[in-house]
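K.L.:
As a plain string of letters, each chain reads:
Number of protein chains: 2
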Amino acid sequence: MNQKIKWLRDKISRMDMQGMIISNPTNIKYLLGVKAEGILLLTRKENIYITDARYIEKVNSMLTIDDEIIVTDIRDVSQEDYENFFMFCENVGFEENYLTYAKYKTYLQLYKINNFVETGNIIEKQRMIKDEYEIECIKEACRITDDCFTYIQNFIKKGMTEKEIAREIENYFLLHGADGLAFDTIVASGSNSSMPHAVPTDRKIVSGDIITIDFGCKYKGYCSDMTRNIFVDFVQDYIKPVYALVLKNQTLTLKEYYDGANVRVLSKMVENDFKLNNFDLVHALGHGVGLDIHEEPTISSKKGDFLLRENMVITNEPGIYIAGKFGVRIEDTVLITKSGAQTLTNSSKDYVIIHPKE
Amino acid sequence: MNQKIKWLRDKISRMDMQGMIISNPTNIKYLLGVKAEGILLLTRKENIYITDARYIEKVNSMLTIDDEIIVTDIRDVSQEDYENFFMFCENVGFEENYLTYAKYKTYLQLYKINNFVETGNIIEKQRMIKDEYEIECIKEACRITDDCFTYIQNFIKKGMTEKEIAREIENYFLLHGADGLAFDTIVASGSNSSMPHAVPTDRKIVSGDIITIDFGCKYKGYCSDMTRNIFVDFVQDYIKPVYALVLKNQTLTLKEYYDGANVRVLSKMVENDFKLNNFDLVHALGHGVGLDIHEEPTISSKKGDFLLRENMVITNEPGIYIAGKFGVRIEDTVLITKSGAQTLTNSSKDYVIIHPKE
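Going down the list, the sequences are from chains A and B. When we follow this note's numbering, the leftmost residue of the first sequence carries the number 955, and every step to the right adds one. When we follow this note's numbering, the leftmost residue of the second sequence carries the number 955, and every step to the right adds one.
Since the hints were derived computationally from the structure, they do not count as laboratory data. Do not take every clue at face value.
For identical chains, the list gives no copy identity; a pair is met inside one copy or between any two copies.
Unchecked claim - Capping the alpha-carbon separation at 27 Å, the derived lysine-lysine pairs in BS3-like fashion look like this:
(1) Lys1303 with Lys1059
(2) Lys1059 with Lys965
(3) Lys1158 with Lys1311
(4) Lys1057 with Lys965
(5) Lys960 with Lys1111
For clarity, every value in this text was computed on a predicted model and none was experimentally measured.
Let's have the full structure, built from the sequences with the hints guiding it.
P.N.:
Below, the structure is given as structure tokens:
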């Protein structure tokens, strides 16, 4: 049987569940390696993936007999089938953080489930710890991202818009082996950089700009995530102390990203140092990265005492934003190892100053 | 007050609700014109948008005092505030098709809600009927899509991959006024076209190929959706009867897309004609298009007797797929008017045969 499914069956069995309905597509991609619309049922004896005619051919081509997954067209599933799937199950698990309230009610009735029970993100928690294959995919996505950053420094010209730069980044990814974007690329120049989630605009690059670029690609479905700031011709004096403060915190925190580190304490370190300088950390210090760009865990002081573990892949991204003026964020994707943090994105964090033509 | 919020307040009042929590970001974009992460509360007297520091600046720049929306940073909302928001509300509505089961439970407790009641997609239903501005935006997205189809016919070369064609389409969109993609572009050539939801591959275009292209862009947030098939050098004889059958059904159905038409009957028409020819309609005949690429209503015989109404924007997309061989789908985005259907995507549906170079 598919090893991840075997793990999940053991897991739910120990939680006294005799079945589970998995509907989060990222969890299904993690378990089956298949990206399609459908629903995975673990019943007492079988693993059943119900999908529709649009995906049957693709899914069948990706699974082998050893996976022990029965692929079924939703049109071939009768009312009686639904009622039989979990007939001898006392407790059936579901993903309470994915299933909508409406679907919860529908499933309860459709499958005639005795006890429909929350599973506390068991799959998401397992996904936090990456295996060798997953780490290799993320490393490759990060390598492409680093190369893209080198490339884009020479591409930027004065008078070019944020949108044009973002488009070139996205093209670079697709032309250099990525399967897609990890998220919509952020290119925020001048005062636009004060918005952490800026959308690229038609603003044109001018001398003296800071350009914040937050970007990442997917390789075999796995994401990278990096933020760097590019300076056009020179670094404005008013930016320097803020950049130094962000960089200091990003570098110091990185040393604290190790197996056993407490995420609350990590975030507090940065929050406190920012406060001493009259700034706030307005977003989480970081997040897990994998098949989703934002995964567990969240590195935040609001999340309680959660400890980092070996083979988690996490971002480290302190930032300071001064409304209407500018913002600085420096972000790496980081692998937690027994001995500390291994940075997977390796572009320079010193001032990157370019001298582009008009 | 913002007119859409005013409408919604009247609507829930007539449903005996004194408050509502809106969390679906597309619904919030529809109501406020703002795309950000946050939650909109209609309390007895106020409209409160709770967002976070990443978006405060952007959101404030987009709302005016006449909107009567209080924008609040989530960090400034206390436990007491949450409990006060709906203090004198007997019934508070929520979006049962968006809110997860976990969030439902959290909100119930956080806001100390008396009766947390389902709202039956009231906002999604309102979104089905487009106003003049929305129709103009969709028309513009469709116009860009038509132009892109003309452009791409000259761009395709033999030996080019599906991925390269998809990337060029996406570039075209961004360079010609679109804000983004309506969905991931499908370019499926040769036997890949048999998968309705194919993902572009490295397969190279050769003479005799059918290339199915399903694509669309966004203009001011509003989507277009079109599918056409391009033939390389000539049309294979075995494709001709299938193409003719799909085209016949697409054309005939279009004449039946009018105010008052029954979606179940529309779909049945196509299903029956396909069956007569030993084929199946394996997906819905169409879907609403707007801020989301897939909106209500779904044009399907499984959906019961739902009637089309003036100013709905809907796709018409019959398709036939022969596993391992090929597929044909022809799709337009259509505006329902009093007098019939107005096709918003106007690219030719005759055989589009290109004679590209190597």
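K.L.:
Hint by hint, note whether the structure agrees.
P.N.:
Hint check results:
no., hint, verdict
1, Lys1303 with Lys1059, "neither (50 Å within a copy, 43 Å between copies)"
2, Lys1059 with Lys965, "both (25 Å within a copy, 25 Å between copies)"
3, Lys1158 with Lys1311, "within (13 Å within a copy, 38 Å between copies)"
4, Lys1057 with Lys965, "both (24 Å within a copy, 24 Å between copies)"
5, Lys960 with Lys1111, "neither (54 Å within a copy, 47 Å between copies)"
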